[in-house]
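Trainee: Listed below are the residues making up each chain.
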Amino acid sequence: MKILVCISHVPDTTTKIKFIDGKSLDTAGVQWIINPWDELALTRALELKESSNGLIDHVSVITVGGPDTEPTIRKALAIGADSAIRVNAAAGDTFFVAYQVAEAIKNSGFDIILAGIDSCDFNGSSFGSMLGEFLSITSVSSVSGVNFNGNDISVDREIDGGKEILSCPVPFVAIVQKGITKEPRIPSMRGIMTARTKPLAVVEPVACEALTEFLSFELPKHKASCRMVDPENVKELVELLRNEAKVI
Amino acid sequence: MSILIYAESREGMFKKSVFELASYAAAVAKMMNSQAIALVTGNPGQEEMKKLGNYGISKILSFYDESVKVFDSAICCQVIEAVVKKENCPLVIFQHNNTGKALAPRLSARLKAGLVTAVISLPESTKPFIVTKKVYTAKAFARVAIKTQVKILTLSQNSYMLTESKTDPAIEQFSIQLDKSQLKISVKEVQLLTGKILLTDAEIVVSGGRGMRGPENWQPIIDLAEALGAATACSRPVSDEGWRPHTEHVGQTGKIIAPNLYIACGISGAIQHMGGVGSAKVVVAINKDKDAPIFEIADYGIVGDVFKVLPELISAVKEHKAK
Numbered sequence: 001m002k003i004l005v006c007i008s009h010v011p012d013t014t015t016k017i018k019f020i021d022g023k024s025l026d027t028a029g030v031q032w033i034i035n036p037w038d039e040l041a042l043t044r045a046l047e048l049k050e051s052s053n054g055l056i057d058h059v060s061v062i063t064v065g066g067p068d069t070e071p072t073i074r075k076a077l078a079i080g081a082d083s084a085i086r087v088n089a090a091a092g093d094t095f096f097v098a099y100q101v102a103e104a105i106k107n108s109g110f111d112i113i114l115a116g117i118d119s120c121d122f123n124g125s126s127f128g129s130m131l132g133e134f135l136s137i138t139s140v141s142s143v144s145g146v147n148f149n150g151n152d153i154s155v156d157r158e159i160d161g162g163k164e165i166l167s168c169p170v171p172f173v174a175i176v177q178k179g180i181t182k183e184p185r186i187p188s189m190r191g192i193m194t195a196r197t198k199p200l201a202v203v204e205p206v207a208c209e210a211l212t213e214f215l216s217f218e219l220p221k222h223k224a225s226c227r228m229v230d231p232e233n234v235k236e237l238v239e240l241l242r243n244e245a246k247v248i
Numbered sequence: 249m250s251i252l253i254y255a256e257s258r259e260g261m262f263k264k265s266v267f268e269l270a271s272y273a274a275a276v277a278k279m280m281n282s283q284a285i286a287l288v289t290g291n292p293g294q295e296e297m298k299k300l301g302n303y304g305i306s307k308i309l310s311f312y313d314e315s316v317k318v319f320d321s322a323i324c325c326q327v328i329e330a331v332v333k334k335e336n337c338p339l340v341i342f343q344h345n346n347t348g349k350a351l352a353p354r355l356s357a358r359l360k361a362g363l364v365t366a367v368i369s370l371p372e373s374t375k376p377f378i379v380t381k382k383v384y385t386a387k388a389f390a391r392v393a394i395k396t397q398v399k400i401l402t403l404s405q406n407s408y409m410l411t412e413s414k415t416d417p418a419i420e421q422f423s424i425q426l427d428k429s430q431l432k433i434s435v436k437e438v439q440l441l442t443g444k445i446l447l448t449d450a451e452i453v454v455s456g457g458r459g460m461r462g463p464e465n466w467q468p469i470i471d472l473a474e475a476l477g478a479a480t481a482c483s484r485p486v487s488d489e490g491w492r493p494h495t496e497h498v499g500q501t502g503k504i505i506a507p508n509l510y511i512a513c514g515i516s517g518a519i520q521h522m523g524g525v526g527s528a529k530v531v532v533a534i535n536k537d538k539d540a541p542i543f544e545i546a547d548y549g550i551v552g553d554v555f556k557v558l559p560e561l562i563s564a565v566k567e568h569k570a571k
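For the protein sequence lines, the chains are P and R, in the order given.
Just so you know, the first sequence maps onto residues 1 to 248 in my numbering.
Just so you know, the second sequence maps onto residues 249 to 571 in my numbering.
Derived from the structure by calculation, the hints contain no laboratory data.
Hints may contain errors.
Stated by the list, open to error - Sample of chain P residues lacking proximity to chain R, with all beta carbon distances greater than 10 Å (derived):
(1) S126
(2) S154
(3) G179
(4) T197
Unchecked claim - Heads up, simulated EDC-like pairs for lysine to aspartate or glutamate below, C-alpha to C-alpha not over 20 Å straight-line:
(5) R:K444 with P:E158
(6) R:K299 with R:D416
(7) P:K182 with R:D416
(8) R:K317 with R:E259
Stated by the list, open to error - Distance ranges between label pairs, derived from CB positions:
(9) R:S315 with P:S108: 27 to 37 Å
(10) P:G66 with R:K333: 35 to 45 Å
(11) P:D26 with R:D539: 19 to 29 Å
(12) P:N147 with R:K360: 34 to 44 Å
(13) R:E437 with P:D230: 20 to 30 Å
(14) P:I159 with R:E314: 30 to 40 Å
(15) R:Q430 with P:P199: 54 to 64 Å
(16) R:E295 with P:F148: 29 to 39 Å
(17) P:G66 with R:K569: 52 to 62 Å
(18) P:E50 with R:Q430: 24 to 34 Å
(19) R:L410 with P:G54: 33 to 43 Å
(20) R:K360 with P:K246: 43 to 53 Å
From a predicted model like this one, the values you see are computed outputs, not experimental measurements.
Just so it is clear, CB atoms sit at the ideal spot from N, CA and C, and this is done for glycine as well.
Please put together the full structure from these sequences, using the hints given.
Mentor: Given below as structure tokens:
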């Protein structure tokens, strides 16, 4: 069986967000990383491969982006993916990206496709479900576990106040969140060395138009300064929350 | 032509956030000279469904298939697509929660309808259709235009006020022939945590960080939450260390919440944490470090030792509640 992990190339989560004329992100000094949820997905994919007694023999990653995304892809290879695909196009909206990925892999026979539940740039929370629809396969959202049960695969889906354990025949898309694995893996020195020679296929995009357009960006307004309460007079805080903020 | 909401019910009830969604849809409908209708698939009963009428929903389509015991986004989208076609809907709106995030994108791909998720306010215009959404984990906002005839939104929680406007909605049974060959998953087991207030629903959240120094010191957080009727949460290091379950982690890679009141105890406020709570209406920070970044987003702050402040706060809250 083969696993595909869909990764997104995003600004590091500690980035102080700034915009140029409110039109585009100021990328000066920005570190680019694998989207954190996608990194968790990749880690889980590698764990599954290692524990599957050979049932899973290949983990690939895919991204949609220009040549500038290749260091991010190489990092995924260094962490342990066996091969990578880059669809050579500027990432339009999520519809565009999911369509490109679907077209690039539709005949590749992936059994399990993992995607992060959100991306920390545009927070679309929509890629994995769209991909499932384009491929006409099951998509399961809010997944906090993917496990083998003998040769069967079970998927844990978070629901309000608990979780469901689902039996889920391949192929499927699992849209994963926290809990899927403990910590993201970091590349080993050997991983970094071997990543250079692992296959990275570049495919050209197919015709598809984005359905939405980002017009402008703005930063949230700063809050008025914080009102300090004397630690010796905690009662005052309760008074303020009741009479001024009116939240308790 | 009607604007459609997907009104999710759990155990026969709608949550407050469904009524927020209804209020929002009714307001957008007014802007578009249209009406707002709801699709209900959970079979909550006439009485509960009628409540949607208090928030401006003029018609309710109720779909229920006894044989579909498991939520599957592809199956559910078949029903939504049929309603969109029958009622000629130019706009479908979901909550930005687990269910909405599973359905809205699938529907978008199916209908080739432009989708904007995590919308925070009414459209600034409907022709062209422009809305504002959170981006960079609530560290910024973006204005986004949808270019297709049919449009889909998910509405961020706690971002639109409940607005009463009484209608007497008609309730219609809706049925279609489902293509059940798409249903591949089955539920093996359900594990529920009972008796806890859900973090994503909570109006008040009490959260602890590394400043709590260890899982054995969590009682004051739990006691304060209990006194306030609040949910408990934690910062990332706390869930990474296994002091608290990952389901309580609030922040960029954990849960993004928007309660009315967020009380951060011993949390310094890493930028990723602020992303998760930036939408809270009122933030209280208790930290011994007066320079902790959490005070930059806090409305009220106490510089002090959490282990001294919390017991006093708990008794002050209890006193207030007893009044």
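Trainee: Quick check on a hinted range of 30 to 40 Å for P:I159 and R:E314, using CB atoms only.
Mentor: violated, 20 Å
Trainee: Between P:D26 and R:D539, is the Cβ distance one that fits in 19 to 29 Å?
Mentor: holds, 26 Å
Trainee: Just to be sure I understand the hint, the distance between the Cβ atoms of R:L410 and P:G54 should be within 33 to 43 Å; is that true here?
Mentor: Between R:L410 and P:G54, where Cβ atoms are some 56 Å apart, the hint is violated.
Trainee: Just to be sure I understand the hint, the distance between the Cβ atoms of R:Q430 and P:P199 should be within 54 to 64 Å; is that true here?
Mentor: With Cβ atoms ~34 Å apart, the hint is violated.
Trainee: Given the hint of 24 to 34 Å, check if P:E50 and R:Q430 actually sit that far apart at their C-beta atoms.
Mentor: The hinted range 24 to 34 Å holds for P:E50 and R:Q430, with Cβ atoms some 32 Å apart.
Trainee: Does the beta carbon distance between R:K360 and P:K246 stay inside 43 to 53 Å, or does it fall outside?
Mentor: holds, 45 Å
Trainee: Quick check for students: does the CB of P:S126 sit more than 10 Å from each CB in chain R?
Mentor: Violated, since 3 Å does not exceed 10 Å.
Trainee: Given the proposed pairing of P:K182 with R:D416, does the C-alpha separation stay at or below 20 Å?
Mentor: violated, 51 Å
Trainee: Test the statement that P:T197 is away from the interface with chain R: the closest C-beta pair must be farther apart than 10 Å.
Mentor: Given a closest Cβ separation of 32 Å, the condition holds.
Trainee: Can you let me know if the beta-carbon spacing of R:E437 and P:D230 is within 20 to 30 Å?
Mentor: Violated, since R:E437 and P:D230 (Cβ atoms, about 51 Å apart) do not stay within the stated range.
Trainee: Next pair to validate is R:K317 with R:E259; report whether the Cα-Cα distance is within 20 Å.
Mentor: holds, 13 Å
Trainee: Starting from the range 34 to 44 Å, see whether the pair P:N147 and R:K360 falls in it by beta-carbon distance.
Mentor: Cβ of P:N147 to Cβ of R:K360: about 35 Å, so the range 34 to 44 Å holds.
Against the hints set out earlier in the document, violations occur for numbers 1, 2, 3, 7, 13, 14, 15, 16 and 19.
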